[in-house]
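Q: With chain G held as given, fit chain D onto it using these hints.
Protein chains: 2
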Amino acid sequence: MSFVTSHMSISLDGFVAGPGQSEESPLGIDGMKLHRWHLNDPKHQVDQAFTDRLLGPRGAYIMGRNMFGPVRGKWGNSDWRGWWGSEPPYHAPVFVLTHYPHDPITMEGGTIFYFVDGFDAALAKAAEAAGDRAIDVAGGASAVRQALQAGCLDELVLDLVPVVLGSGERIFDDLSELTAEPVEVATSPLATHIVYRIT
Amino acid sequence: MSFVTSHMSISLDGFVAGPGQSEESPLGIDGMKLHRWHLNDPKHQVDQAFTDRLLGPRGAYIMGRNMFGPVRGKWGNSDWRGWWGSEPPYHAPVFVLTHYPHDPITMEGGTIFYFVDGFDAALAKAAEAAGDRAIDVAGGASAVRQALQAGCLDELVLDLVPVVLGSGERIFDDLSELTAEPVEVATSPLATHIVYRIT
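Residue numbers (our numbering), protein chains in the order written: chain G, 67 to 265; chain D, 67 to 265.
Looking at chain G on its own, in the form it has when it is part of the complex (with noise of 0.2 Å):
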């Protein structure tokens, strides 16, 4: 089974993306300010170490449905393509989790979005294709808060960024247990980037 990891920038009152998620708002209100660390240029070279790490090869990716894109319930005649342009950054599979069927999309560089109904089934074509490279659980909160219930995770990156949201969506609600320990540990004055490994 491949190794299945998750990199999250979450705020101080652990929020991973701020109320109000739309087609103009993607990280919902506020939401950007989690993400400074990495959209910065030019970046702390602990930020830039830790964006190459987030940013580095996976076999394959899981992806929330709101993290693909703003539509909701049905897919009707939506041209939706993710929100990265013509070329994601993925440049492998990426399914996405939806109750509604999608024919899968091919993008530039390699990057194919499949749309697979439940956690456990994407999980299941995930590592099929990515044989014994990675996994990565791209986000949103519920994909990650699914991944921590299914016990699936090795590693869970998180980049704790100095802010409060005040609301939005959180990943570590609803869980009964969870037994990390922190392995790796670095800051840069935007974000405490910190890698725990799951056991």
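Since the hints were made in silico from the structure, they are not lab data.
Check the hints yourself; a few may be wrong.
Residues from chain G that face chain D, not an exhaustive set, calculated with beta carbons under 8 Å [to be verified]:
1. Asp-79
2. His-165
3. Pro-167
4. Val-229
5. Val-230
6. Leu-241
7. Pro-248
Quick list of simulated restraints, FRET-style, between CB atoms [to be verified]:
8. G:Asp-107 - D:Ala-216: 31 to 39 Å
9. G:Ala-216 - D:Glu-194: 33 to 41 Å
10. D:Glu-194 - G:Trp-149: 49 to 57 Å
11. G:Trp-150 - D:Tyr-166: 57 to 65 Å
Cβ atoms here follow ideal geometry from the backbone N, Cα and C, with glycine treated the same way.
A: Only chain D this time, still in chain G's reference frame:
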């Protein structure tokens, strides 16, 4: 004005105490899980350094009433003198927040518990007592939240413990804004210690 610090152990899901605090369970259900890093013996060297920092001398302390003890409402004939035996680890004046008057309690080793109505009044008295030495807001959640809301904290040290509690007391709720910068970080397997400068 004194440098004002606080040092709190916090779970991944943001709780500094579990639910159901009582005389039998002062930290709430599973709350003790947050404090293994400084209660274990022997300690990891990183945890020892932050234990020393936690216990480091201060000119005065501010403490919420629920941290002082399990008595609620009027003090009545309670002879409660804190959780810490005859010689508490504070060795300085401790200003306990309470709406109910109570005579000061002098303990061994220099700790005197004073009882004050309102955070601002407690801060003024602590500043007077501390002179140019630091004031520590010792906890619990409500007292630290009041300090954050009042904007009086200069430094916040978090010991981020890799467990989830599911419910309990949070410190970052109901904060309109917080601007902090991590200036120091170190980890042991039991806790990731982050020193924030509040700006």
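Q: List in ascending order the numbers of the hints, as given earlier, that are violated by the structure.
A: 2, 3, 9
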